[in-house]
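FYI, in mature numbering (1 follows the signal peptide of the UniProt record, and there is no 0) the residues of the sequence shown are -15 to -1, 1 to 76.
Since the hints were derived computationally from the structure, they do not count as laboratory data. None of these values were measured; they are calculated from a predicted model. A couple of the hints might just be wrong.
Claimed, not checked - Mimicking DSS-like on lysine-lysine, the simulated pairs with C-alpha atoms at most 30 Å apart in a straight line are:
#, residue 1, residue 2
1, K32, K57
2, K40, K59
3, K15, K59
4, K32, K12
5, K57, K12
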Amino acid sequence: MKKLLVMAIAGSALAVSCTQKGIADGKITKAESIAQGKVIFENSCGKCHDLPNPKSHTDAQWTGIVNAMAPKAKLTDAQGTMVYDYVTANN
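Model the full structure from these sequences, guided by the hints.
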C-alpha cells in the first residue's frame, strides 16, 4: 500500500511538472505552485517541528517524506504536490 502511494504521488508530481499550466484554464503555473508550496511548507510543516533544509534530501527522499508527513499535516493531495514542488525546486 505504501509503495502504491509513493508511486501515485511520484507519478502525479511528474505529470504536474511536465505540463504547462496557465491562469486562463483556472490552474496554476509551476512558479505559483512552488511559491504556494513554500508558504504551506513554512506554515504547516513548521507548526510541529523545525523545517528541514530542502537541500538536505534528494527528490526521491522528499517523495517519501511528503508522503509520510502530508497526512499528518492534513494536507490535500494538491497541497502535498505544491510542497514537493517547492522542496525539490530548492534542493
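Item to check | Ascending list of hint numbers which this structure does not respect | outcome: Structure breaks no hint.
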